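Given the structure of chain A, go ahead and fit chain B onto it with the hints provided.
From first to last, the protein sequence lines stand for chains A and B.
If you're matching positions, the first sequence starts at 1 in this note's numbering and goes up one per residue.
If you're matching positions, the second sequence starts at 1001 in this note's numbering and goes up one per residue.
No lab work stands behind these hints, which were simulated from the structure alone.
A hint or two may mislead.
[Claimed, not checked] For the chain B half of the interface with chain A, some residues (derived, Cβ under 10 Å), not all of them:
1) V1015
2) S1056
3) S1061
4) L1261
5) G1262
6) I1299
Predicted model only: the values in this text are computed from it and were never measured.
Where is the CB? At the ideal position from N, CA and C, for every residue including glycine.
Each chain, letter by letter, is given below.
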Amino acid sequence: MAPWLAPLDRVLRLLNRTAIVIGMVALFASALVLTYSVFSRYFWKSATDWQDEAAVFLLVGSIFLCGAYVQSFRGHVGIEAIASILPPAVNRVRMVFVDLLTFLFCTFFAWKSWTLFHEAWVDRQTTSSTWAPPLSIPYGLMAFGMSLLALQVLLQLFAQFERGGRAP
Amino acid sequence: MLALGLLFGAVTLIVMFSGMPIAFSLGVVAVGFMYFFMPSASLDTVTQNVYEEMASITLLSIPLFILKGAAIGKSPAGRDLYLALHVWMSKVPGGLGIANVFACALFAAMAGSSPATCSAIGSAGIPEMRRRGYSPGFAAGIIAAGGTLGILLPPSITMILYAVAAEQSLGRLFLAGIGPGVLLVALFAFYAAYRYRKEHRAAQAAYTAHGTESAYLDDTVYTAREKFEMLPRVVPFVVLLIGVMVALYGGYATPSETAGLGAVLALALIALVYGIWRPRDLSPILASALRESTMLMFIIGMSLLYSYVMSYLHISQAAAAWIVALHLTKWLLLATILLLVVVLGFFLPPVSIILMTVPILLPPIKAAGFDLVWFGILMTIVMEMGLIHPPVGLNIFVIRNVAPDIPLRDVIFGVFPFVGLMALAIVLICLVPGIATWFPNALMGPPGR
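Next up, chain A with everything else stripped away, as it sits in the complex (with noise of 0.2 Å):
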């Protein structure tokens, strides 16, 4: 890793960390809520109209703020088959044109995740159930877990800039 790149790499690598502890407390938390809705509603008699609302928001929250995690060590799934096949120059210009891609998709993801974030804050939109939570909660989860995400693919673009280059 280049000196200049390796501030971001530790910045990078503390969300991350702090992301999958947020996320770990989220995913055990959505468990226990709903197990709380079954009980709640067979022994105490008592309505579930929150659960299923905030075990979404504490799921889709964990997962996006996880997204940039699991790209760290290249953990989403692709089709490798042709990389195998390829030489290892045009093998290395395929890696840098899907990180590239990859890189622009989620960004655009990321900018429009903000717009929708903005949106939801200004205009104080909840969801349609009587409990009506904020929709910012969820959607301000997925604008800075797509961030997040595009900063580590621009991070891992940058490393295969900087190994090309030093190629022979």
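Just chain B, lined up with the frame of chain A:
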């Protein structure tokens, strides 16, 4: 419109084969076609579309089923289950192979994951089978094939997706998987017994002719005490399996609540039985569930966006109309569609196959008069075959990790008879649809009521 569909398909293939992660490939293709062929305002709603499609509590039960599977998969429950079945079936000829098949089925039903089943049962089962003289390919084949039951027996992630994509009852689909699951277990068990007798006879003949010793000829006898000592560690997990099904079908919990309840119960059980409860013990389980869920849910979210674009541009409808216009006979249509799924299974995981193809394949299947729940089961078995046949065959590579000294060639030849048995199961389910439909109809009434 068909030309646009061909362009859409070609671009998808190019982008996917470039090696870009499947989730982002689907997103890139969808956004690209939105830009060129849809009103510009549609680009503003991309993220809202993805969120609204993903924010379905049924779909989001997937991470919780994965968490339940990870809790059981990362505990020694698989090993204990396998050992208990092995001890209890030691008197049956070929009992060790059959015990492995049963252990795979039970574990798959608890964990809901094919690779986790292969890894958990295979790591104990393959060395034991080889120690008892089973040929390496045969031992690997049993585990690789047994693991595939994970996507057929409830709760199956593949079926959750099919239920969402095909708008079918998830409860009905789960129940419909049980009959074919039992059929496959029976076919695998019969084959294991047949193959055992064949290898046993060969070992006997070699001993008679040349005095060649073989582990096949050693008999181990377990006492009743040894048998009963194995039960306490297994019974809680079988109770979990039954409890979750009762919660779902007894009307106590929705499918998503069942997933949450199952995850909490699985975590509670591994805490009680194996003392796995400290944060440092639980964090690898939660992290692994989160990694797999994130990867899968990204693919699902983007696949739903991809399907939305296909539908908006009338590509799905045009492709479906084209298939109908071929005027294939009912069974030829089914065979062609299943063959297409087999080919797609060479490259794509079941998740993507379902979400990308169901909008195209279901209208012709419906027009031909097939039951959509029954078709979902057939499609699932075909995708199971994809898990064990080359070139991708995920389970083959899991087996290679568990038993790296078995040559790939032996593993592949070992799984081929099981691929044949799955094809036989498909034919049987076509001839006798009741294998899949009887159970849901008996418990939930005929479809549409």
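For each hint, the structure was consulted:
1. V1015: Interface hint status for B:V1015: holds (8 Å vs cutoff 10 Å).
2. S1056: holds (8 Å)
3. S1061: holds (8 Å)
4. L1261: holds (5 Å)
5. G1262: holds (8 Å)
6. I1299: Holds - the Cβ of B:I1299 comes within 10 Å of chain A, reaching about 8 Å at its closest.
Of the numbered hints listed earlier, not one is contradicted by the structure.
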